[in-house]
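Dock chain U against chain F, hints included.
Number of protein chains: 2
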Amino acid sequence: MSTFFDATSLTHAELEEGTLLAPRFDALGLVTAIVQEAGSLRVLMLAHMNAEALKLTLETGDAHYWSRSRGKIWKKGESSGEVQRVVEVRVDCDQDAVLLLVEQTGRGAACHTGRKSCFYRIVDGAALRDSGEPRLFDPAEVYRS
Amino acid sequence: MSTFFDATSLTHAELEEGTLLAPRFDALGLVTAIVQEAGSLRVLMLAHMNAEALKLTLETGDAHYWSRSRGKIWKKGESSGEVQRVVEVRVDCDQDAVLLLVEQTGRGAACHTGRKSCFYRIVDGAALRDSGEPRLFDPAEVYRS
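Same order as they appear, the protein sequences are chains F and U. For the first sequence, the numbering used here assigns the number 1 to the initial residue and increments by one for each residue that follows. For the second sequence, the numbering used here assigns the number 1 to the initial residue and increments by one for each residue that follows.
Please note: incorrect hints may appear among the correct ones.
[What the hints assert, rightly or not] Below, computed lysine to aspartate or glutamate pairings styled on EDC-like, alpha-carbon distance capped at 20 Å: (1) Lys72(F) to Asp94(U); (2) Lys72(U) to Glu103(U); (3) Lys75(U) to Asp94(U); (4) Lys72(U) to Glu52(U); (5) Lys55(F) to Glu133(U); (6) Lys72(U) to Asp62(F); (7) Lys55(U) to Asp62(F); (8) Lys55(F) to Glu88(F); (9) Lys72(F) to Glu88(F); (10) Lys72(U) to Asp124(U); (11) Lys72(F) to Asp124(F); (12) Lys55(U) to Glu103(U).
[Claimed, not checked] A short list of chain U residues far from chain F (calculated; beta carbon distances all over 10 Å): (13) Asp6; (14) Thr60; (15) Arg90; (16) Thr105; (17) Gly106; (18) Val142.
Because the hints were derived from the structure by calculation, they are not lab data. Where a beta carbon is used, it is the ideal one built from N, C-alpha and C, also for glycine.
Chain F on its own, in the form it takes in the complex (with noise of 0.2 Å):
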């Protein structure tokens, strides 16, 4: 099902200085995804990529996903209505973890507590602040069904 090189067929140059997209899966299958805003450049969120979701973020231009905890493809949005539209996608010098860069759709929300990102609170000590974070929309509310 997957389309990409195979990135054990690459030397450490070709992996890390060329120009051919060779994900380095895990063992479980996934690369790690870091979400951010393409205006502000916040981040957003971290999530998991299997082959399929980074085939379909590449294809679609929406960004999808695996839930690790669903162990499924997830569309972002197809419960909130929060897509990501995908403006671009860096890959890191090892090719094991993306970089997307997005327009945060809907209410702008891109945490399933209704906040734009996920980092809303701030290590302080050995406590957490909140940043002041405002809810965008009601978790109860969105994902009621």
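Here is chain U on its own, set in the frame of chain F:
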């Protein structure tokens, strides 16, 4: 060795909305760390932390990671001089990822290839295109020895 609160003893609401730092380390004892430059908001790199690396990062203010390839704690910059001073640490909703806002010291290169960011290639169809990120140091020179 870990002094962090045990995430498994928290309710879902406490984990996601509470003020206790309770990192959810995975089966390998790791959380994922996204590293973002404080001024530019550029994503510099992705790394992993075990409990000790997170503790050292919070205690010293210098980013420490767990090297999966070398199987040891790694103070960022210990070989290259490219130390990362931590400005802020955030956790995500389910506390299995952290976001570090850092000042990238040294020549400003977070990547072992000598570039500022590890994400120097853009996915372009089935291929990768160089974003034109300049090398700030020569890795052959820096990692000699």
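Status of each hint after checking the structure:
Pair hint Lys72(F) plus Asp94(U) holds up; C-alpha atoms about 19 Å apart against a cutoff of 20 Å. About 23 Å separates the Cα atoms of Lys72(U) and Glu103(U), which puts this hinted pair outside 20 Å; it is violated. In summary, the hint linking Lys75(U) to Asp94(U) is not supported, as the alpha carbons are separated by about 26 Å, beyond the 20 Å threshold. For the suggested pair Lys72(U) and Glu52(U), the alpha carbons sit about 10 Å apart, so the restraint of at most 20 Å is met.
Distance restraint check for Lys55(F) and Glu133(U): the Cα-Cα separation of roughly 26 Å exceeds the 20 Å cut-off, and the hinted pair is therefore not satisfied. For the suggested pair Lys72(U) and Asp62(F), the alpha carbons sit about 37 Å apart, so the restraint of at most 20 Å is broken. About 37 Å separates the Cα atoms of Lys55(U) and Asp62(F), which puts this hinted pair outside 20 Å; it is violated. Proposed proximity of Lys55(F) and Glu88(F) is supported: the alpha carbons are some 14 Å apart, at most 20 Å.
Between the alpha carbons of Lys72(F) and Glu88(F) the distance comes to roughly 24 Å, so the proposed pair goes past 20 Å and is violated. Between Lys72(U) and Asp124(U) the CA atoms are separated by roughly 35 Å; this puts the pair beyond 20 Å, and the hint is violated. Distance restraint check for Lys72(F) and Asp124(F): the Cα-Cα separation of roughly 35 Å exceeds the 20 Å cut-off, and the hinted pair is therefore not satisfied. Restraint check: the Cα-Cα separation between Lys55(U) and Glu103(U) comes to about 19 Å, which is no more than 20 Å; the hinted pair holds.
With a minimum CB-CB distance of about 13 Å to chain F, Asp6(U) clears the 10 Å threshold, and the non-interface call stands. No beta-carbon of chain F comes within 10 Å of the beta-carbon of Thr60(U); the shortest separation is about 14 Å. With a cut of 10 Å on Cβ distances, Arg90(U) falls inside the contact zone with chain F, its closest approach being about 4 Å. Every CB of chain F lies more than 10 Å from the CB of Thr105(U), the least distance being 20 Å, so the non-interface label holds.
Taking the minimum C-beta to C-beta distance to chain F, about 17 Å, the non-interface status of Gly106(U) holds against the 10 Å cut. With a minimum CB-CB distance of about 15 Å to chain F, Val142(U) clears the 10 Å threshold, and the non-interface call stands.
Against the hints set out earlier in the document, violations occur for numbers 2, 3, 5, 6, 7, 9, 10, 11 and 15.
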